Structure formats: structure tokens, C-alpha cells
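Residues 166 to 515, numbered by this note's numbering, are exactly what the sequence shown covers, in order.
Rather than coming from a laboratory, the hints here were simulated on the basis of the structure. These numbers come from a predicted model, not from an experiment. Some hints here could point you the wrong way.
Stated by the list, open to error - Okay, the calculated beta carbon distance ranges per label pair: (1) Lys303 x Glu215: 30 to 40 Å; (2) Glu371 x Asn249: 37 to 47 Å; (3) Trp509 x Asp408: 19 to 29 Å; (4) Tyr167 x Lys465: 45 to 55 Å; (5) Glu401 x Asn373: 17 to 27 Å; (6) Phe431 x Ser463: 40 to 50 Å; (7) Lys433 x Ser353: 27 to 37 Å; (8) Asp398 x Thr271: 26 to 36 Å; (9) Asp450 x Asn249: 40 to 50 Å; (10) Lys268 x Glu304: 15 to 25 Å.
Claimed, not checked - Restricting the straight-line Cα-Cα distance to at most 25 Å, the calculated cross-link-like pairs of lysine-lysine (BS3-like) are: (11) Lys356 x Lys465; (12) Lys356 x Lys467; (13) Lys236 x Lys197; (14) Lys496 x Lys392.
Just so it is clear, CB atoms sit at the ideal spot from N, CA and C, and this is done for glycine as well.
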Amino acid sequence: MYHSIRPGKTWYDSNGKRIQAHGGSILYAEGKFWWYGENKEGITGRSTGEPCRFWHHGVKLYSSVDLYNWKDEGFAMKESDDVNNPFYPGNIMDRPHIIFNKKTQTYVLWAKTARGDFTDASFSVCVGKDLHSFSFLKEISPSPHHAGDFDLFEANGKAYIVYENPHSEMICRELTDDYTGLTDNFVSELKAECPPYVREAPAFFERNGRRFIITSGTTGYYPNPSKTSEITDLFEIWRDLGDICVNDKNRNSFKTQFSSVFKHPFVKDLYIAIGDRWLTDLTEDLPDMEEVFYGLFSEKGKKIVEAAELSSFSDENTSEADYVWLPIRFKEDGTPYIEWLREWKIDSFE
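Based on the sequences and whatever the hints tell you, model everything.
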């Protein structure tokens, strides 16, 4: 049994198998913690010498009573054997998020999906009366934008999605009352010239009436500095707080990309940044990946490598990606920060 959280260490479930809940999130319901995310079991990337023909094997679900030890609960959403279904394993499926609609007493799962060649990116929506039995409802093209990394949250009695309009900007958009569709009420934020400075992987959280969002730069699976914005008005003012990872000597978010923030329901002021260490074989002589990607996407940048050379930096074996969970702490003025901890315990915050 585990008695602590060890960021970056391989994490096994109660059956001794690697936990497969990537790009994941945590919910508390029915007296348990539920961790769900992309099942990357057997997804080898280029590590076998050829690109893996699959991207995922459904959305896995795990339960826990202590956030340390996790039981395999099967699937929140199973893969499909229909090549035309967005949950077919040869199609792209990223970053599932689940939100509970109190009015309809329904869980709603959203995922970013696309065909195997990254075309027709959309949001796929699934519904379920419990966490174990979601069914596919529909695909949504978020016109006038394109679908990218996203998060779901509730505020002001409504539900919202915040998502990357790829290679351009971040969009905050209101959901319909049943949480299964998009309204036309949206705002564009965090515009940038191109990758790596366009933001992706948004992770929203709220504390004492103040709202924050952590985002990643766009450098593929390669880690980069996170940035955090304080949102004083969802549709008007996003204030840049910069990189809140305070002892991040390599400026790469502790080799992590955060996917969500979980507020513990019982431990006061415990907010956990949930992240993936997608690449576990990065060497110390890796070039600055922000400069690499800027050179690939902008004529103003210096081309350091050709796009085809990126694969030489890593095997991209996502089935062996590890998890980095770190507590978010707060300064006296309420500003959040994250510092590296090799090991930490929940009860140290009680």
C-alpha cells in the first residue's frame, strides 16, 4: 500500500498494474475519489521503431478512499470497434473531463476527439446516470473555432468550457443548461502569434472567490513553462501571473503538463495540480523546446531542428508516462504557487 504521493514515480493500482488515467481529472462522489483519464496501455508511440497505429483504449476509471491507493473500476467510456466512432482507438481521444449536472442528475463527459490524421477535431459528448456507464451522445464542432485542449467548470450558476482554438487563442464559452452543448456566448483570451506561445491544456480552479487558470505552451509532449492567469471576469479580464512553478530550475513545469486541479472536499485549502510526465526519457542536453518550436512555426524564429528530427529526442512511449501531483500553495496575498516535492502526504495539510 501507498502512504504518500510521490510525484514522477510510477504509480500502480491495487492489482499491481500501471495506472492508466492520462490527461486526467479527479471527482469526489458516492463517498469515494474517482480518477479517470486516457487509457494508454500498449500505446507505444515510436518506441518500437514504428508509430503506434492506436492512440488510446478508452477512458479508464479508478476509485480510492485516500487518494494514495487506487482500485481499477473498469471504464468510464469504453473504446469502440466502429472506425467511424470518435472512441475508436485509431482515432484521437484526449483529456476527458466529467461534470455533474444537478438539474438533470446526469454525469456529462466531454473529450477532445479527431480522426487518426488529426482532421475534423471536435468535442465528443457522452452522458451517464453514474460514473460507470457513459454512452456516446454526439460530436460538436465548436464553430467558429476548432477544438483543442479544454477544461470544464461551473461558475455563477452556469457551466463553461475553456478550450484552445489551436495555434491561436484560448476560448471561454458557456454551455447549454443540460451541459451537453455550446451556446454562442464566448470570449477570446490569451492570443499569441503561434506555438509555442499559444496556450493549451487549461486547468481551472477557484479559491476564496478568486478564479485562476493554469496553461501550458504548445510544444507537443515536450514540457515547457506553465503560465497562470487570474480571471477577475470570465468574459473580460484575465491577468497574467506568469509561471507559478517557483523552484523549477529547468523551466519545464517539473517535466510535467498539468491537466486539471482538484480541490479536496474535506481538507481546507488543499488544491492538487494533476499532471502528466508524458516523456520519461528526456536527457539533460535537450535543447530549449520553446526555441525549437518557435523556429518551426515562425519565420521570425531560428530553425534549430527540422520537424522530422523531433522524434530523435524521445521515444514518445505514452503507455509509460508517469504522473506528477503537486499541492498548490498560496502566498499571504492569495497568489498561488507550486513547488517541487519528492514526496508529500495529505495529512500535512490538515
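Checklist entry - Among the hints numbered above, which are violated by the structure, and what are their numbers in rising order? => result none
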